[in-house]
Every structure is written in structure tokens, then in C-alpha cells.
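Novice: Just so you know, the sequences run in chain order B and A.
7 is the number that numbering that gives the first Met the number 0 gives to position 8 of the first sequence; each next residue is one higher, with no gaps.
26 is the number that numbering that gives the first Met the number 0 gives to position 27 of the second sequence; each next residue is one higher, with no gaps.
Rather than coming from a laboratory, the hints here were simulated on the basis of the structure.
Careful, some of the hints might be misleading.
[To be verified] Which bits of chain B does chain A cover? Going by a derived footprint, with three or more residues having C-beta under 8 Å, they are:
| # | segment |
| --- | --- |
| 1 | 25 to 36 |
| 2 | 97 to 111 |
[Unchecked claim] Straight-line C-alpha distance at most 30 Å; calculated DSBU-like pairs for lysine-lysine:
| # | chain 1 | residue 1 | chain 2 | residue 2 |
| --- | --- | --- | --- | --- |
| 3 | A | LYS57 | A | LYS69 |
| 4 | A | LYS122 | A | LYS146 |
| 5 | B | LYS201 | A | LYS241 |
| 6 | B | LYS219 | A | LYS121 |
| 7 | B | LYS201 | A | LYS327 |
| 8 | A | LYS146 | B | LYS3 |
| 9 | A | LYS193 | A | LYS10 |
| 10 | B | LYS227 | A | LYS69 |
| 11 | B | LYS201 | A | LYS122 |
| 12 | B | LYS4 | A | LYS121 |
| 13 | B | LYS125 | A | LYS151 |
| 14 | A | LYS327 | B | LYS3 |
| 15 | A | LYS10 | A | LYS241 |
| 16 | B | LYS127 | B | LYS219 |
| 17 | A | LYS285 | A | LYS322 |
All values derive from a computational prediction rather than experimental measurement.
C-beta: ideal position from N, C-alpha, C; glycine also.
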Amino acid sequence: METKKIQNFVTQNAIYIVLAVLVIGIAVYDPNFIGINTLRDILIQSSTRVIIALGVAFILITGGTDLSAGRMVGLTAVISASMLQVEDYPRRFFPDLPHLPLLVPVLIAIIVGLLFGLINGIIVSKFKVPPFIATLGTMVAIYGINSLYFDTEPNQSQPIGGLREDFTNLGSGSIGSGQYSFPFIVLIAIAVCFIVWVMFNKTRLGKNMYAIGGNEQAAKVSGINVTKYLILIYSIAGALYGLAGVLEAARTGGATNNYGNMYELDAIAACVVGGVSTTGGIGTVPGVMAGVLIFTVINYGLTFVGVGPYWQQIIKGAIIVAAVAFDMRKYASKK
Amino acid sequence: MTDRKYALEMKEISKEFPGVKALDGVTLQVRPGTVHALMGENGAGKSTLMKCLFGIYKPDGGEIFLHGQKAEINNSSDALGLGVSMIHQELHPVPFRNVMENIWLGRFPLMGWGPFKLVDHKKMYRNTEELFKQLDIDISPDTLVGKLSVSKIQSIEIAKAVSFRSQIIVMDEPTSSLTSVEVEHLFRIINDLKKRGVAIIYISHKMEEILRISDDVTIMRDGKKIGTWPAAEMTTDLIISKMVGRDLTQRFPDRHNVPTGVIMKVDNLTSSQQKSFKNISFELRKGEILGIGGLVGAQRTELVEALFGLRDIQTGSISIHGKEVRIKSPGDAKRHGLALLTEERRTTGIFPVLSVHENAAIANMDRYVRPYLLIDDRRKKEEANNMVGKLRTKTPSPKTLIMNLSGGNQQKVLLARWLLTEPEILLLDEPTRGIDVGAKYEIYSIIADLAQQGKSIIMISSEMPELLGMSDRVMVMSEGRLTGILEGDQASEEEVMRLAAQH
Chain B
0 METKKIQNFV TQNAIYIVLA VLVIGIAVYD PNFIGINTLR DILIQSSTRV IIALGVAFIL
60 ITGGTDLSAG RMVGLTAVIS ASMLQVEDYP RRFFPDLPHL PLLVPVLIAI IVGLLFGLIN
120 GIIVSKFKVP PFIATLGTMV AIYGINSLYF DTEPNQSQPI GGLREDFTNL GSGSIGSGQY
180 SFPFIVLIAI AVCFIVWVMF NKTRLGKNMY AIGGNEQAAK VSGINVTKYL ILIYSIAGAL
240 YGLAGVLEAA RTGGATNNYG NMYELDAIAA CVVGGVSTTG GIGTVPGVMA GVLIFTVINY
300 GLTFVGVGPY WQQIIKGAII VAAVAFDMRK YASKK
Chain A
0 MTDRKYALEM KEISKEFPGV KALDGVTLQV RPGTVHALMG ENGAGKSTLM KCLFGIYKPD
60 GGEIFLHGQK AEINNSSDAL GLGVSMIHQE LHPVPFRNVM ENIWLGRFPL MGWGPFKLVD
120 HKKMYRNTEE LFKQLDIDIS PDTLVGKLSV SKIQSIEIAK AVSFRSQIIV MDEPTSSLTS
180 VEVEHLFRII NDLKKRGVAI IYISHKMEEI LRISDDVTIM RDGKKIGTWP AAEMTTDLII
240 SKMVGRDLTQ RFPDRHNVPT GVIMKVDNLT SSQQKSFKNI SFELRKGEIL GIGGLVGAQR
300 TELVEALFGL RDIQTGSISI HGKEVRIKSP GDAKRHGLAL LTEERRTTGI FPVLSVHENA
360 AIANMDRYVR PYLLIDDRRK KEEANNMVGK LRTKTPSPKT LIMNLSGGNQ QKVLLARWLL
420 TEPEILLLDE PTRGIDVGAK YEIYSIIADL AQQGKSIIMI SSEMPELLGM SDRVMVMSEG
480 RLTGILEGDQ ASEEEVMRLA AQH
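Looking at chain B on its own, in the form it has when it is part of the complex (with noise of 0.2 Å):
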């Protein structure tokens, strides 16, 4: 009976009990690796990786999936930096836009997101559209409509710099000073956890989510309208991507077309390796963070003890399928 209590321990908490040996064993390897400046590096690395992790958590609970979303962290960032710039900056993006309140520029990039969202949620769900292929679609289209941005007069394809200071303070300013400053952008990132995870587990949206992920048609039945929910949901999850595209500008001071490629991706493992379900339904706030700390983690972690970034890839690799593999064993009916 012990053993098996203990079996069933690991088996619903692997996740962090991987987490947690990732850490040891880098510390036993390296000592130096335990510190508040270690700590805080991979806080503030992990940051943007989560709140676009929890957009694509949404949509994959739904039972759907999203490609575009680093595409739309990418155009996000765009659109912010471009407003953003200090006016004695030589090569403004707009050479005559007044200082505008911070604000704005970042609740336009947070609304722009919201909108490709929308439009993603109006295709899987108004047209049947497999999420895949929607998604598929709106992830060239938007690198296409950033690049034509970028490409404008007087910009010209030329990375965006010269970013205002309350701008990038958003990135890398903290509370505080010195070793136990707190950094603004973890204090964001930890809100927007805490804001989903209320979302997840204490509202209709929430329920509804897990329920259309679960079985759609018992959703429709009990006189859900999962139209409006899907949308909704896509939506959210965009908006989420538009901070992060924000932030991310913020954190590093500037923006090009090709920011947040391949994000999806990261984005998406980070929820299966943290416990979401590819095939909709299930899937946890504190697991999806989980994820995106393993994979900050083992790229800090192992650039620090000094493993090769080719090794890393193999290691991630590794990592997304056994993941995968022992979360099937979870749910797989025992024959």
C-alpha cells in the first residue's frame, strides 16, 4: 500500500519532482548555481515564456492549438517599440509622433493581439477550420503584415532602437536595489499567473473551457455557446500574447520582424512537459509554469555548468517526449 502511495505521489507530481532534481543536480554539479542571482535570471527569462505559455494553455485545454502565437508576440513587439522610441532618437519609426502616455502604445499592442485572437477564434469556430490549419494560416500571414509594417517609411526594415526608459524600465527596472531588487517583469508575469489561474479554476469562462475541451458536444448539450467561448478564448489567449510581444520589446530594448519566431513552439512544449493535454481538457496554471521553469532551468542550468547548446537541444528533446510519454501512462486505460 505504501509503495503504491508513493508510485501515485510521483506519478501526479513528476513534474516538479523533475523540476526539483534538474535544480539539485546542477547545484551538486556546480554550487555556485544556487544564488538570488541565479534565481532571478531565470525568473526574469521565464517571465515573457509564461504568459505566452498560459495563452497557448488556454486554447490547448479547448482541445485546439496555436502556431501564430509567436508570430503575434513578434508584431506586438513591433507595434509597441514603434511608438516607444525617444524623440531625440535619430531614425524614429515616426519621426513626428509625440511622447505618448506609456500606456497607450501598450494597450494598442495588447488590443492588436486581442484582435488577431479574435479573428483566429471566428475561423476554428464559425468556420470549422481545424485549429492547426487556422492557426497555420494566421501565423504566415501575421509575420507577413509585420514585415510590411516594418518595412514602411522611413523604417525600412531597420530594427527598431532607442526605446524610451519608462518603456524598457517595464523590462528590466525592479523594485528595490541591489541583490534583493525585484524585477518588475517577474511581478508582472506572477500577476498574470495568479489572474489566469482564477480564470482556470473560478469562473464560468474557466468551467467552460475545460468542458469544450473535454467533450464538446456534452458542452453544446447542456446549452453552452461554444461559438461565443471559443472566441472568447482565442481572444484572451491573444491579448496574452500582445503583453508578452510588449514585454519582450521591453526586456530587450528593441524589436525586429523576426521577434518571437518559433515561440509557439517553446510555448507549447512548455504546457505538455508541464501536464496539458494535446487532446484538450486538462491541464493546470502551477503545471504550465512548472514547464516553463524546466525549460528555462535546463538552458541556464546547463549553459551555466557549461553543456553545449547542441547537447541542450537533444536534452529538451528528450525531455518534451518522455513527458509526454509518462503523462499518457496517467490516463491511458490499463488493459
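Add chain A to chain B, keeping to what the hints say.
Specialist: Here is chain A on its own, set in the frame of chain B:
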């Protein structure tokens, strides 16, 4: 305009699908506080009519009145709002969510203000407990639905329908996966609902149930209403003859098969799963039809699936022609001359988007592969089409997609699939489930013919008349154990029930 004494009146409802007139001016009048049985063969239009009532389909013509008021029903939530709820034939649980969320799906109790409303879990829990107490259901509201048995899920669906406080409840085959004890429980709930003035539309193929609980019976055939009668005036034969449109003198064909020597011997077979079958021993003769009876959960399907190599065996042995065989996979089973017609035709039988002949040939591809690895397409088509034709399958063409065939004809294609492999032993798991009365007779004839040709047949059936009418011997299982084998002349409904309920 219309009579107020009816809880529901559907007037002259018509619905056409491309090429089919699914409903042709059907009128249905249901009195409050009664159980109204809706009967007809599969494809007669019962489910279509109910889907029109529930807003899943939009009728092309006709009107719906609820308590004398004309009703506009465009989707499921309209129907639920107007006090019409439905227990669907295919169960609709959300597996990874708990019981209470499944019940209150679409109308969670909320707390808070404006757009910031949160789901009130405590209230939902209390409401579920109250509902279950009222219905005498013993399930914890926070159990994951995926962990419950089919019959428990069925009772949750029933509770859900009741929880809408609807005045009209449609039950589409509600007892299909219930044990007899649970059926009694359902009938108590139905009686209780009747007393509260609720009108129940009850769809079932089980005559005994219909005659027991219904007040009125409406019979449909080919999208038309044949008539409505008080249940007290009806008998099983009368209902069947009206459903089929001809007098049914004989429900089962005459059998001329003569069982001879033992072909398969199963000795002390025990599953590797703890709660599955244990210590099963029996013999099967050449040319014999061996029926397996029992309740849901008796592990009959698990047993035949184990014989076919789909499930692991812990101990025990299987011998065919006196030689012990090891069957680890369906491939092994095929090589030893076994064939399995699975219980769930739709999910584990047909390949819906493949043609009839591809469906028939699929289990036999090995034989059509020529030495240079390409398929002998002509031979494949010829043999498949021959076999499909031999079983008198009605299909517009061998190229028709199998999903466009009726259940009975799909089943014939699946039988053809296995006959092409030239098996000696056929394992048939509920071979006539979901097949209408006319087509059932044809399936029975095929089974009887096969036995006469010397094939040995193991047939699981939950329909008592079928089990008794078709089997040379009846083997009864209960909770994974074999509780008795009855020779044809000793087998009676009472005896089978007694063994099936034995603990």
C-alpha cells in the same frame, strides 16, 4: 388553437436531409404526468424528432407547443430554458471534470458582481448533494467522472436532466447500460417525476420495459407516425409488427447446426487485471453456438477480448484442436482461426471513411500481398465484394463509404471482413446491438448458417430472447466468474437471471 391538456404537442413536424425525408408530418402529443414511449426501428425518425424538440435540428415544417403555448426552440439552451431536458443516447460526460461540474455545466451558480463573477463551488456542492439525496444516488459530488462506471455516469445524466426541473424529460435509451437493480432505481425516479406532473418521453428498444412503465405508446416507421395507443392495449408482438410493418411470425430462424467434437478448450483462464475474469473453464464444439449471458460488468467482453489476444492473461490455457496455443495478439488469434466482432461497431469496428469493400478486406490484406509486396487489388475487390454480396448486404455500390450504410448492413460488412479470413471460431460480441428488428433476423440467419457450415460461435448477448433463441448452450458469468453453463433445453430466462445475479 391547440389543446392545453398536453404538456407537449409537436404538430406536423417535417425534416428533410439531402436525399432522405427523415420526418414526414409527424405529430406527437404528450400528456403531463405520463410516460410516453416513442418506438420504431433505427432510422424510423425517433431521434431526429427529439433532436428537433431539443433544438439540435431545425425542422423544415411544423410547430411545437408547450402547455398550449407555441415555442421557438433554436438551440439546446432555448429548450432547457423552456423546461425541456434530454438524456442523450450517447452519454455526454466531460471525463476529466468532477461530478458536480458535469451536472451544473452551462448554469454554474455564481457569486460576485458584474463581469467579475466567480463560480460558487460551495453552493454547487450543496445543490448536488441535495439533488442526489432526493434521487437516492450515492456518489460524491467531487469525484472525477472519468473514474465512474458507465452505469454511474448514466445516473448522473439522469440527475442532471432532473435538476433542470423540466416539465418534459426525454430519455433516449436510458437503460442501455444499467444493471437490473439500477433499472428499478430509474423506474422509481420516473414514477416520482410522474407524480410531480412531469411528462417523460421514453425511447427504448426493450419491449418489457416499455410495457411496464409507459402510459401511451407512439410508433414511428420510415419518418412517419403510425399511431398512438394506450400502453395497456399493446403487446410485444403487436408493437413489433407495427414497427416492422408486417406480422413477425418468427423472431429467430430455424437452426440445423449439429455440434460435434470439441474444437477449443479454455482451462482456468484468469485475467492479469484484478477485477476482471477469474478461473474460466469451458469447451466449445465444432458447429456450436455458445451464448454468453450476464449483466453489465460481468467481464464477458474482457473474456472474449482475452481469447482474441487483446488483453493479458495471468494464468490458464487455451487449446485449439487439442493443442495448447499462446495468443498474445490479434495476429496470433487470426493465425489460430479466431475472429472477433467487437461490441462497439462504431468505435472499434468500422473505418467510417473507407469504402465497403476496403472495410471488408482490411483484416485479410496478408493474403492479397503478392511476392513483390504490391496488393493484388483485383482479387481483393472480387473476394470482398463476393462475401459482402453473399451476406445480402444492401449497399448502393462496393465503393460507398461504410458510414452511409445502416447499422445492420455495417454489421454484415464486418461479418464479411472476418469470414474472409476463413475463421473456425467466431467471437461475436453483442452482434445485433443497435440494429433494427428486420435486420436482426438476417444477422441471426447468417449466424445459424455459419454454425451449420461447421463454424463454432461464441456469442455475447444482453438480450435474453436472443441469447435463448440462438444458443445451443448458454454460459452465464457474474462479476468475472463463470456461474453456470446451461444446456439449450434447461436454459430459461429465470435460470439465466439467477446465475447472472449470483455473487
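Novice: With reference to the structure, classify each hint as holding or not holding.
Specialist: Status of the hints after comparison with the structure:
{"no.": "1", "hint": "25 to 36", "verdict": "violated (count 0)"}
{"no.": "2", "hint": "97 to 111", "verdict": "violated (count 0)"}
{"no.": "3", "hint": "A:LYS57 <-> A:LYS69", "verdict": "holds (15 Å)"}
{"no.": "4", "hint": "A:LYS122 <-> A:LYS146", "verdict": "holds (23 Å)"}
{"no.": "5", "hint": "B:LYS201 <-> A:LYS241", "verdict": "violated (53 Å)"}
{"no.": "6", "hint": "B:LYS219 <-> A:LYS121", "verdict": "holds (25 Å)"}
{"no.": "7", "hint": "B:LYS201 <-> A:LYS327", "verdict": "violated (48 Å)"}
{"no.": "8", "hint": "A:LYS146 <-> B:LYS3", "verdict": "holds (18 Å)"}
{"no.": "9", "hint": "A:LYS193 <-> A:LYS10", "verdict": "holds (23 Å)"}
{"no.": "10", "hint": "B:LYS227 <-> A:LYS69", "verdict": "holds (28 Å)"}
{"no.": "11", "hint": "B:LYS201 <-> A:LYS122", "verdict": "holds (13 Å)"}
{"no.": "12", "hint": "B:LYS4 <-> A:LYS121", "verdict": "holds (29 Å)"}
{"no.": "13", "hint": "B:LYS125 <-> A:LYS151", "verdict": "violated (35 Å)"}
{"no.": "14", "hint": "A:LYS327 <-> B:LYS3", "verdict": "holds (28 Å)"}
{"no.": "15", "hint": "A:LYS10 <-> A:LYS241", "verdict": "holds (22 Å)"}
{"no.": "16", "hint": "B:LYS127 <-> B:LYS219", "verdict": "holds (15 Å)"}
{"no.": "17", "hint": "A:LYS285 <-> A:LYS322", "verdict": "holds (15 Å)"}
Checked against the numbered hints given earlier, this structure breaks hints 1, 2, 5, 7, 13; the rest are met.
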